[in-house]
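Q: One letter stands for each residue in the lines below.
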Amino acid sequence: MVEWVRPQRVGEAISLLSKMPLDHYQIISGGTDVMVTQRLSMHQKNRDWLDLSAIPDLKEIEVHDKGIRIGAGVTLSALRRHPQVQKFWPMLAASAAVTGAAPIQNRATLGGNLCNASPAADNAPVLLAYGASLEIAGQQGSRIMDYAAFHVAYRKTALAAAELLVAVHIPYPPDKSVSLYRKVGTRAAQAIAKVGVAACFQIDAAKTIVQARFGIASVAAIPCSLPTVSHYLQGKKIKQIDAAIVRKGITHDIAPVDDIRSSAEYRLETTSRLIWDAIQHVE
Amino acid sequence: MKVSMQINGQKMQVQAKPDSRLLDVLRDELGLKGTKEGCGEGECGACAVLVNGQVLNSCLLPLGQMDNADIVTIEGLPSDSPLVASFHACFAAQCGICTPGMMMAATALLSEYPQPTLEEIREGLSGNLCRCTGYGRIYEAVLQAATGVTHG
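Read top to bottom, the protein sequences are chains A and B. All the letters of the first sequence, read from the start, carry residue numbers -5 to 277 under this note's numbering. All the letters of the second sequence, read from the start, carry residue numbers 4 to 155 under this note's numbering.
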C-alpha cells in the first residue's frame, strides 16, 4: 500500500526523512517532473510519497535590504508575476516565464527545478549569473551554500540524506549592472532548452567591466558558469575584448554533447554568439 | 486513499491510490471522458482542467494533492459559454483532441484577461498543442468570445 505523507512544517518533513532509509520516500512538490519520471520508471513504483506542497513556509517570498529570499515551493507563476522580482531580478521573471507554459508554471516550483537537477533547467543559468545561494535544512538546523556548488555531477546535487532545499537567496544586482537572459529551444513555448544563457555584468562609470558572471544550461552535465571568460573580461572595456579569446574561453569552460535536442557543435556556436551578443549590451 | 473534491460543482468522494493521476480518476472512475490524454507528460495540454481556478495538466496531478480541490472539466463548462459558440463559429476544432484543453485554458485566460490581446491569447494557450488548425482559428475564437465581435 503506497502511503502519501503531507507534513505541514519543514522540521516534520526532515524528521520523517531521517527515520527512513535513503530513497524510501519519493519527494514531490509541484510534481511536473516527478509525475512523469515516476510513471516511466517501473522500479520506482510503490515508493511512499513525501508531499511538500502543504508547507506554508516554503511558499513565501521575502524581499529585504540585502536581496530576496524565495521559498523552494514558490511556483514559477508566482515568481514571474511578482512586481519586485520583475523590477530587481528581471532575468528570473524571464526564465520563470519560459519554463514550460501556464499549466506547468502554475504548479512547478523554483526548488523543484533545481532539485530535479536537469542540466537544461531553465532557471539555473539566471541563479548562477545572479550569484544565488541556497538555504538547506537538515537535522542539525540549516546551512547556506553557494548555488554554484549545488550541482555536483549529472543529476546529482549536494543535498545529503534527510536534507531539504528550503529557500533560494539572491542578492540585489550591483547598482550599475547589465543583465541578459536568452533561451533557445525548438519552439517558443513548451520546449526544453538546447541552450539557456544568463549574463550579469557589473560596470563602472567608464563602462569598464568590474565583474562578469554567467550561467549556462544544456551545455555540460550540470548547469555551469564561464570562469575563464569571466576572468578574461574583468577590468576590460568593450573595445579591448577579443572575440576569439572569448570563444576560446567558452570552448574551454563548457562541455556540450550531442543529444536528442541538439548537437554539440550547434550548442557551442549558439552559446558563443549569445555570449558575444550579451557582451555588446555593456556598451 | 479517500479524497473529497468538488467536480463541476458537485461534491464527490473518490477512493483510489494516492499517486493515481487526476486524469485517470476523471476518465476511468468518474466517466468524465471529455478530458483527453495526449502526451501524458505535461507537454500538450489535452488533459487541461481548472483546479481552484488555475489551468493545470491533469496528467501531472496526483490524487494525494487534490483533497478539497475545486475542479472544473470541459463537462462543467456551461453550454452557453461564449467559447462554445465562438469555437463553433470560427471552425476552431478539427480532429477535436486538443479542443477541451484549449477551451479550459481559454476559460482561465478570459477570467484573468477579459479583453485579451492576441499576444496574451498566444501566451495563455501556449501550453496547449494543436496539430491540425495552425492555431489561427483558435486564437480567433478566443478573441471572438471575449469581444463578441466576428472578424473577417
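Think of the hints as simulated: they come from the structure by calculation, not from any bench. These numbers come from a predicted model, not from an experiment. Where is the CB? At the ideal position from N, CA and C, for every residue including glycine. Just so you know, not all the hints are guaranteed correct.
In silico contact screen, one side only, chain B against chain A (beta carbon under 7 Å); selected entries [unchecked claim]:
(1) Asn11
(2) Ala19
(3) Glu40
(4) Gly41
(5) Glu44
(6) Gly45
(7) Ala51
(8) Gly56
(9) Leu59
(10) Asn60
(11) Leu63
(12) Asn71
(13) Val75
(14) Glu122
(15) Ser129
(16) Arg134
Q: Now tell me, hint by hint, if it's right for this structure.
A: Results of checking the hints against the structure:
1. The interface hint given for Asn11 of chain B is broken, as the beta carbon of that residue sits about 19 Å from the closest beta carbon of chain A, more than 7 Å.
2. Interface restraint check: Ala19 of chain B against chain A, minimum CB-CB distance 11 Å, threshold 7 Å, status violated.
3. Checking Glu40 of chain B against chain A: minimum C-beta separation of about 12 Å lies over 7 Å; hint violated.
4. With its C-beta approaching chain A no nearer than about 12 Å, Gly41 of chain B sits outside the 7 Å limit, and its interface hint is violated.
5. Evaluation of the Glu44 of chain B hint against chain A yields a held restraint, the C-beta minimum of about 5 Å falling below 7 Å.
6. Of the supplied interface hints, the one on Gly45 of chain B holds, with its beta-carbon coming within about 6 Å of a beta-carbon of chain A, less than 7 Å.
7. Taking 7 Å as the C-beta contact cut-off toward chain A, the hint placing Ala51 of chain B at the interface holds, the least distance being around 6 Å.
8. The beta carbon of Gly56 of chain B is not positioned within 7 Å of any beta carbon in chain A (closest approach about 10 Å), and the interface hint is therefore violated.
9. For Leu59 of chain B, the shortest C-beta to C-beta distance to chain A is roughly 5 Å, which falls under 7 Å, so the interface hint holds.
10. The closest approach between the C-beta of Asn60 of chain B and any C-beta of chain A is roughly 5 Å, which is under the 7 Å cut-off, so the hint is satisfied.
11. Evaluation of the Leu63 of chain B hint against chain A yields a held restraint, the C-beta minimum of about 4 Å falling below 7 Å.
12. Violation of the interface hint for Asn71 of chain B is found here, the shortest Cβ-Cβ separation to chain A being roughly 11 Å, above the 7 Å cut-off.
13. Hint status for Val75 of chain B relative to chain A: violated, with the closest Cβ pair at about 14 Å, above 7 Å.
14. The criterion of a C-beta within 7 Å of any C-beta in chain A is not met by Glu122 of chain B, whose closest approach is roughly 12 Å, and the hint is violated.
15. At its closest, the beta carbon of Ser129 of chain B sits 4 Å from a beta carbon of chain A; the interface hint therefore holds under the 7 Å criterion.
16. Of the supplied interface hints, the one on Arg134 of chain B is violated, with its beta-carbon coming no nearer than about 13 Å to a beta-carbon of chain A, more than 7 Å.
Hints 1, 2, 3, 4, 8, 12, 13, 14 and 16 from the list above are not met by this structure, while the remaining hints are.
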